[in-house]
Amino acid sequence: MAHPLEPRLATYIAGRLPEASGVTVSNLERISGGASRETYRFLLSRIEGGQTRTRKLILRRDPPASLIDTERRVEFEAYRAFHGSAVPVPEMLWLEEGSDALGHPFFIAEEITGFQAGPAALFAGATEAVLARVAERKWSILGDIATADPAPLAATLPTPALDECWRRELDHWAGLIDRDADQPLPITEAAIRWLRANPPPPAQRLSIVHGDYRTGNFLFDADGDIHGVLDWEMAHLGDPLEDLGWSLQPVWTFGRQGLAGGLCPSARAVAIWERASGLHADPAALLWWTLFNCVKGQGIWVGSAAAFTSGGNRAPIMIYPAWWLINAQERAMLQVMGRL
Amino acid sequence: MTPPVPAVLAELAALAIRSAAPGIPDGERANALGLTASLLAIAAETWDAAAHHLVEENQAIRALTGEVGRDENLRLTALQAENNRLREALITLQTRAESDGDEALQTRIWAELIISTDRRRLSTAPV
Numbered sequence: 013m014a015h016p017l018e019p020r021l022a023t024y025i026a027g028r029l030p031e032a033s034g035v036t037v038s039n040l041e042r043i044s045g046g047a048s049r050e051t052y053r054f055l056l057s058r059i060e061g062g063q064t065r066t067r068k069l070i071l072r073r074d075p076p077a078s079l080i081d082t083e084r085r086v087e088f089e090a091y092r093a094f095h096g097s098a099v100p101v102p103e104m105l106w107l108e109e110g111s112d113a114l115g116h117p118f119f120i121a122e123e124i125t126g127f128q129a130g131p132a133a134l135f136a137g138a139t140e141a142v143l144a145r146v147a148e149r150k151w152s153i154l155g156d157i158a159t160a161d162p163a164p165l166a167a168t169l170p171t172p173a174l175d176e177c178w179r180r181e182l183d184h185w186a187g188l189i190d191r192d193a194d195q196p197l198p199i200t201e202a203a204i205r206w207l208r209a210n211p212p213p214p215a216q217r218l219s220i221v222h223g224d225y226r227t228g229n230f231l232f233d234a235d236g237d238i239h240g241v242l243d244w245e246m247a248h249l250g251d252p253l254e255d256l257g258w259s260l261q262p263v264w265t266f267g268r269q270g271l272a273g274g275l276c277p278s279a280r281a282v283a284i285w286e287r288a289s290g291l292h293a294d295p296a297a298l299l300w301w302t303l304f305n306c307v308k309g310q311g312i313w314v315g316s317a318a319a320f321t322s323g324g325n326r327a328p329i330m331i332y333p334a335w336w337l338i339n340a341q342e343r344a345m346l347q348v349m350g351r352l
Numbered sequence: 004m005t006p007p008v009p010a011v012l013a014e015l016a017a018l019a020i021r022s023a024a025p026g027i028p029d030g031e032r033a034n035a036l037g038l039t040a041s042l043l044a045i046a047a048e049t050w051d052a053a054a055h056h057l058v059e060e061n062q063a064i065r066a067l068t069g070e071v072g073r074d075e076n077l078r079l080t081a082l083q084a085e086n087n088r089l090r091e092a093l094i095t096l097q098t099r100a101e102s103d104g105d106e107a108l109q110t111r112i113w114a115e116l117i118i119s120t121d122r123r124r125l126s127t128a129p130v
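As given, the protein sequences belong to chains F and C, one line each in that order.
FYI, in the numbering used here the residues of the first sequence are 13 to 352.
FYI, in the numbering used here the residues of the second sequence are 4 to 130.
So that you can see chain F by itself, here it is in the shape it has in the complex (with noise of 0.2 Å):
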């Protein structure tokens, strides 16, 4: 049975393709996943030149409310600034930002195809030699992020002064916390008062942010390469410790302790992204953005919940993180302060 999206998806985009004709989607199918957008692969057809062309692609779709509020046309410039760059990206189609099309806004990108993301495959089957090379990949590609020319993004997001990211990114998720934690949280409370107590120094330049560089958001390979750096939801201008911290906070370790997005010591992936950037991590200041992510996952994870809660979006992906990872982030915060 024809997934009831498939018709009108199909109508939406035989508009953006004048010059073809018969264009259908079908094998439409929603990915596991997504809990800030809804992700779905399907496959275009349509004839152009008296040819009939397919082409693999993904819609990304809000939900009714979502784990991640952000703007759409945020991820997709992210996607467009990268593109063609070192740093793998799928190619941006079509965005769009009304709801009439599809009931929500949405965009239209390329499918990478051919390999995984999930930390679960990675983690089983691959030998420690390829950890190696995804490790080396991982941090490299975020250093080539790091140094990235942040202006074609500077019309689209704010670009906050260099001794500002810290406070900009502090007050925004310790804003969200107290807007949606239906739950006192000591540890994370204890943890925004010591990082307002004790900032870091200005950001070395002002970078383009993923905002969410760990395993599982990227596409890999079984010798370990990696082909498409995904989920740009959360990008914006800031400090690039930002993104390295969040890549070194614990419960991205996946249970392997110890090793940084359970794929490698955190000083080996330091090094990495000092060397593909040329900026220097300063510990004290690395350590004040790796908290930072902690305190930033637990606005996720009690945004997750919230969402459920006001039935907003009553999906099984937003109980899960709250259910599985916020005592867990707090215990993160606990190890990153050395209480644990």
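The hints are simulated quantities; they were obtained by calculation from the structure and are not laboratory data.
The C-beta atom is built at its ideal place from N, Cα and C for all residues, glycine as well.
A few of these clues could be false.
[Claimed, not checked] To give a feel for the contact side, a few chain F residues facing chain C, derived at Cβ under 7 Å: (1) D194; (2) F320; (3) I331.
[Claimed, not checked] Away from chain C, derived, C-beta distances all over 12 Å, residues of chain F: (4) L40; (5) R65; (6) A113; (7) A144; (8) D156; (9) A163; (10) P196; (11) L337.
[Stated by the list, open to error] Per label pair, the in silico range of CB-to-CB distance: (12) R351/F / T127/C: 20 to 30 Å; (13) T171/F / V58/C: 29 to 39 Å; (14) A17/C / G115/F: 45 to 55 Å; (15) D235/F / D103/C: 10 to 20 Å; (16) G115/F / S41/C: 21 to 31 Å; (17) P277/F / S41/C: 23 to 33 Å; (18) S111/F / A23/C: 22 to 32 Å; (19) G69/C / E41/F: 51 to 61 Å.
Since the structure of chain F is already known, use the hints to place chain C on it.
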């Protein structure tokens, strides 16, 4: 836990019924059932000790804040409401201990906070 277990179980029951209907794409059905299984496993793991942990923690916090009292109503909703009240009081106490430089009290509070994360820790948790 938040969202509360009863609300989640009710939602999962509805999802299971929807997933059993004909015409649901295989990928979506597998995704829904996989997540449902993971959530049921967490609920099962936390069920037996939930009341015990809340009573234990409420008592530990009362010892820190100097409150006298005990939990009379053992419904989970009542215990959780009291736990929320006490943890809010603990945040106030810890903030004051920090501004007063009361190292001994801070040490006692941190010890309880560490134990509190042990109580809540899931077997599958990454930390």
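Need the list of violated hint numbers for this structure, in ascending order. Failing hints, ascending: 4, 10, 11, 13, 14, 15.
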